[in-house]
Amino acid sequence: MKRTFLCFLIIGSMAACQACGVNEISEPESGREIKIGVTVYDQYDTFISSILNDLNEDVLKARSETGREIILETYNSAQSQATQDDQVEEMIKDGCDVICVNLVDRTAPSNIIDAARNADVPIVFFNRELVDEDMHRWNKLYYVGADAFLSGKMQGELAVDVIREKNVDKNHDGEIQYVMLEGEAGHQDAIVRSENCVNRMLELGVRLDKLGYAIANWNRAQAATQMEKMIKNQGSDIEFVFANNDDMALGAIDAYNASGINRSSWPYIIGIDGTEPGLSAVKDGTMVATVYNDAPGQADAIFQLAYRLSCGESLSGLELQGDKYIRLPYQKITQENVDKFG
Amino acid sequence: MNEDHEIMLPLVIGIFIVILFCLVMLIKGTNSEVYKVSVIVSNSSSGRWVPFKAGLEQAANDNNIRLDYVYTDYIDNIYTEASIINDEISRGANGIIADFCLSEGSEDVVASISARVPIMLVETSVNAGADIRGNHATVMPDNYAIGRAIGNEVVIDYGEELKGMKIGIIAGNQNQYAMQDRLKGFMDATMKINPEAVWCISESRYTEDELIKANEKNPADIVVGLDNNSMETAVDYFLGNRGGKVKLYGSGCSKKLIYYIDAGEVDSMIVPDDFSMGYQSMSDLAIKLQNRTSALVDREVGFSVVNRGNLFVGDNQQILFPIVQ
Amino acid sequence: MDDNVYLNQTDMNVGAPKNEKEAMEREKLVKASLRKTKSVFYRYMPHDIQGTILLTFTIVSFTLLMILGIVLYTLFARRMNISSIETTEQLMKQSVVNLEDYLLSMRRISDAMYYDVIKNTDIAEGSVDNEMNLIYEAHKDNLVSFSLFLNDGRLISATPIATVKEDLDVTDQVWFTSALGKMENLHFSTPHVENLFLDPTYKYSWVVSLSRAVELTEGSNPRLGVLLVDMNYSTIKQMMERINKDSAGQYVYLTDSSGNIIYHPKQMQLNYEIIKENNINEAHYTDGLHEEVFHGEHRQVIVDSISYTGWKLIAVLPESAYQLDIINMRFLVILLLSCALLIMIFINRIISSRISLPLNLLNRSIRNMENGDMYPEDIYVGGTQEVEHLGRTLRHSIERINQLMDDIVIKQEEKRKSEMDALQSQINPHFLYNTLDSIVWMVEGGHNKDAVFMVTQLASLFRISLSSGKNIISLEQELRHAENYMNIQKVRYKNVFNVVFDIDDKIKSYSTIKLIIQPILENAIYYGVGDMDPDDGGEIRICAKFVPALSDFLTISHEKSEGKAGIEDVSTDEMIPEGDIYIDVIDNGYGMPPEVCDNLFNEEYEPKSSTVKHGSGVGLVNVNNRIRLRFGEQYGLTVESEPDEGTKITIHIPAIPFNEENQKILESGHYRTLRKKADKEDKA
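Chains as they are written, first to last, in my numbering: chain W, 459 to 800; chain L, 5 to 329; chain E, 11 to 694.
Same shape as in the complex, but just chain W (with noise of 0.2 angstroms):
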């Protein structure tokens, strides 16, 4: 009888410390200090680092509005998937309760779920929205962004506008001759606003002429040299420059600047997301347009979904598409209502 009771305690005893081993899952109470990681591909990125400022206001807002500690970690991923994969690993084990991330590869968000399914926290990607498939991966990942669709073809409009208004076409061919500045090869932005820009005015029946493009990585820099190398080529041939987004627009502007050709010769420039500097550019005419690509209101979305998701709280009222996705819309920008924005 002894050796079975001692055989019974001994084993009972492991149950017990096996039990014992398993983490507490500690329910959120409120009150509790709130802890936001986010990760971004590229913090010197003019639009990120607009989101990311407007999400540090929204942070500093809520903190004392409703008197909880919220902590906002802010990680620069500085281009490498791998760095960022570490990064989201580290901040779990930092205890962040959601997750934001600005993927640099859009195409490889494996790690980053699985880590974030393993540890149970959401996580709310923003501007660079990965496919599908991988969004269906796990219930509790989530986009915030524009919707590209809707970028390019404003672009094309605004850029249409600018045709039938101004002596665009220089040469009277008949034809814009332009150039296209692309971000990365791959980005979906990238390639939707290209696509969709030049689809929408050849939908509104102006006739183009591609002398060259360029993948200047959304990069104000990489765009300049990119565009003293097409400037080079093409010399005033030049009749638009369109951008995928205002720093490649800047990039452009530079180039010229740095040309000394005549200001009066420079050819259109169009960008888009209506960054402060993009903003300036516009207003002094250096831009001709740009799309407003809402950083402000992308910023409070990620921060009310993050802050829900951290809370607990219901995700009603956020317009959520597909439980998943919240797209803001674009507006167009040009030298008439951009003082509204900024």
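If you're looking for bench data, these hints aren't it; they were derived computationally from the structure.
In this text, a Cβ means the ideal position worked out from N, Cα and C, and glycines have one as well.
Each hint should be verified, as a subset may be incorrect.
DSS-like cross-link-like pairs, simulated, lysine-lysine; straight-line CA separation at most 27 angstroms [stated by the list, open to error]:
1) E:Lys150 with L:Lys259
2) E:Lys255 with L:Lys40
3) E:Lys213 with W:Lys782
4) W:Lys790 with E:Lys192
5) L:Lys260 with E:Lys213
6) L:Lys259 with E:Lys213
7) L:Lys249 with E:Lys213
8) E:Lys103 with W:Lys598
9) E:Lys276 with L:Lys259
To give a feel for the contact side, a few chain L residues facing chain E, derived at Cβ under 10 angstroms [unchecked claim]:
10) Met12
11) Val16
12) Leu166
13) Ser258
14) Lys259
15) Asp266
16) Gly268
17) Asp271
18) Asp277
19) Leu324
20) Ile327
With chain W fixed as given, assemble chains L and E onto it according to the hints.
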């Protein structure tokens, strides 16, 4: 002292038996014997056996059978075939799958083989004695129906025009019941319109020469190949622009023939389900080998009509282009 | 339905009393069988200490072993299951990484082709053939073909250069429509046979198409096109085959996001519906481990997603996959349990015999004691403290008993002696009177010679009778006493009977108690031949012989069991001095009726008719008692009598050589003491 021996001795003996049993089970394990099955078909590396072989391999894999697909040349002699089979049996084959080149008069061969190991006949039935032990059976398509299907294809394409047409038939190996059935089926299907069959040659080593001779003597407008080999011979001759413009019909399954359908040279073809033939024959044989009391039974496999339109459609591509492991 | 219920109810109602009876009968049966099992149980239950200890220990240890075994087995089986799942998960993870890498590299090829070649080329002016070929050559192993189509389906460029099928329409092929449908993404198709080119070597390849929408420049005009990379399906197949290579029962397959199978180890069988797969459902499981029952088989399913493509890698672990291992382990557990049980039995045996051996030895001593061996030295003393104490106490008590017994013998002897003296003094005057009367008659009748003989015999008789107060005399003397007595009686009875002495000379040197034959002779004369006519030929035979013992014990038991009937059978061996002496007194007189014969030594028996004349029956009882007292229970008198045939009375005494020492010992008490002494000497 003696009293407890009375209880303990049987107990100890019982435990020893249990220990021995467990030891035997552990050492012997549950890995059952791996049977070896040899497959003997004429001209084993021919493209026509690719789906059949795929079926064999899959079934062998599923049933833990060691498949020995014997390399052979063109076999047209039953005694050559019997000696190959006998060699395989003496080399340890537990079962045989074979395509007999002769149906009539092969009773002795079947009897002598099935007395030793179970044998599965494919492609064609043979004239074999009563099978009490269930040691041999046939897996083949409904050959008469195939013949009819070929005939129907011709009739559908030509309708009444067929009346004046000259038809040449390469009738496969007419020593096999299967080919006889197909020929009969074809004749029955075209009987109504009754086209003129200008020549009909049985397949042998010299089919091509015979074909050339026959066609030169009496050129045909429509040539029908009743099996894969006949069809390929026809394709080689007539599409090599030597035989003039003729229409080809027939049955087959090799990639070469499918290519000609794909290329539009052949309109339609009857494809027997050779994968099933291989899979069925092998898995039946496996069951027979693993359970000696069971009996082999005859089975029929299907066939389908393919043309250029349905070549890549859905399941057809899986059947026509088996994914060979 | 309702009818059935009703029927059932009535059935039950009708059947109720029957059921009661049945129940009672059953109960009886159960009880009977219970009793039976109980009896069987008791039959096989060990009744000794060792058996009990052994059985208890074995049952307890076996129960413990069983519990341990079951616990270990469950733990182990669970562990095995978990570890096989873990292994599979590991394998899956690795495979997913490999597949993702592979698919990524394919996308990179597409990217390179698009961004580095197509975007830079105006298809109206230049051709992308060279670059395409270059990239194709670099990735030949994984690619089947490369091709670029315009969005109207027109082929712009393709490599390896091949004949395009006539009237080929790609616009309704899935890869084409999906590429244009969502043009920001790359699309992977399910495997299919490439249907673009005609290869005169009759080659048809299974491919997975990777297609994307591309922006082309045709004569400066931007146009949309589709870039198609046909990946060699066999690469994926090989990858999957590697995963599936050495798995027993479990397998991994690949589906697209909607459950269409991309790879399955039994793809052909699935296609022919020889087997079934739960692919459509499983593709919609979330990543991770799932349990399901599919076609009656319980199985575990691990799902993992391939990024970007939405493909699912699904591992299926049917229960039967590790059934074999578990069966093997079951055997192993049983084997170990049995071995442990065997060892337990042996150990328990040793332990139990250790505990019970001293008790058993003690018990055997006691059993011997029951058989009459009252030797304190034979009592086992040893083993554990308690048992040793028991033994010692027992030994002491036996010593004490022996002492008391000896005392009783002496006391009894003394009592008997006084009784004897009384008897003798009763008898002697009669006998003396009669004898003297006879002598007077002889002298008167002038038979002087006879008178002298009589007187001589009488004198001898009295000398031996007195024997200077000793009780133990030699047999020679005893026999002479009997002879003297008979001689006197013969004269007195005027020779109506004969007396025959048949004496083995050997026995004369052994000891005996005195005056044991004479009472018997007296008895024989009174009851047997005394009243017979001289013509009847009455005769009294006295036979004395020595029967050597084979061994002490054997002889005793033999004597006990067979009486004296088998005496003649016992072959003698001169070498052995030990043995027994038998003195038969046989007369052919009237004999005794059986009841008298049977109750001759029963002191409480009161005969109905006064067959006891002269009170001489007392003599036989007396003799018997004296012998028994002196030598032990196995000795004494036996009587065989047949009415009208005669009587045979046998005196049985041990053969003890007559010397002073033995005489002294025997005088003082018990024969047993003497015997023991002899034993001791033997051992020494």
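So, going through the hints one by one against the coordinates:
A hinted pair counts as satisfied when its Cα atoms are at most 27 angstroms apart, and E:Lys150 with L:Lys259 qualifies at roughly 23 angstroms. Simply put, E:Lys255 and L:Lys40 have alpha-carbon atoms about 21 angstroms apart, close enough for the 27 angstroms limit, and the pair holds. Straight-line distance between C-alpha atoms of E:Lys213 and W:Lys782 comes to about 46 angstroms, which puts the hinted pair past the 27 angstroms bound. A distance of roughly 25 angstroms separates the Cα atoms of W:Lys790 and E:Lys192; the hinted pair therefore holds under the 27 angstroms criterion.
Between the alpha carbons of L:Lys260 and E:Lys213 the distance comes to roughly 8 angstroms, so the proposed pair stays at or under 27 angstroms and holds. Distance hint between L:Lys259 and E:Lys213 is fulfilled; the C-alpha atoms sit about 7 angstroms from each other, no more than 27 angstroms. For the hint pairing L:Lys249 with E:Lys213, the CA-to-CA distance comes to about 26 angstroms; that is within 27 angstroms, so the pair holds. With a C-alpha separation of about 21 angstroms, the suggested pair E:Lys103 and W:Lys598 falls inside the 27 angstroms cut-off, and the hint holds.
Restraint check: the Cα-Cα separation between E:Lys276 and L:Lys259 comes to about 22 angstroms, which is no more than 27 angstroms; the hinted pair holds. Interface hint status for L:Met12: upheld, as the beta-carbon distance to the closest one in chain E is roughly 7 angstroms, under 10 angstroms. For L:Val16, the interface hint holds, the least distance from its beta-carbon to any beta-carbon of chain E being 6 angstroms, beneath 10 angstroms. Residue-level restraint check for L:Leu166 is violated (minimum Cβ-Cβ distance to chain E is 27 angstroms; threshold 10 angstroms).
Among the interface hints, the one on L:Ser258 holds; its C-beta lies about 8 angstroms from the nearest C-beta in chain E, closer than the 10 angstroms criterion. Of the supplied interface hints, the one on L:Lys259 holds, with its beta-carbon coming within about 4 angstroms of a beta-carbon of chain E, less than 10 angstroms. Proximity of L:Asp266 to chain E holds as hinted, the smallest CB-CB distance being about 7 angstroms (cut-off 10 angstroms). Because the beta carbon of L:Gly268 sits about 7 angstroms from the nearest beta carbon in chain E, less than 10 angstroms, this interface hint is met.
The interface hint given for L:Asp271 is violated, since its Cβ lies 15 angstroms from the closest Cβ of chain E, which is over the 10 angstroms cut-off. Annotation: L:Asp277 was flagged as interfacial toward chain E, and the flag holds, the nearest CB pair being 8 angstroms apart, inside 10 angstroms. Residue-level restraint check for L:Leu324 holds (minimum Cβ-Cβ distance to chain E is 8 angstroms; threshold 10 angstroms). Taken as an interface hint, L:Ile327 checks out: its beta carbon lies about 6 angstroms from the nearest beta carbon of chain E, inside 10 angstroms.
Checked against the numbered hints given earlier, this structure breaks hints 3, 12, 17; the rest are met.
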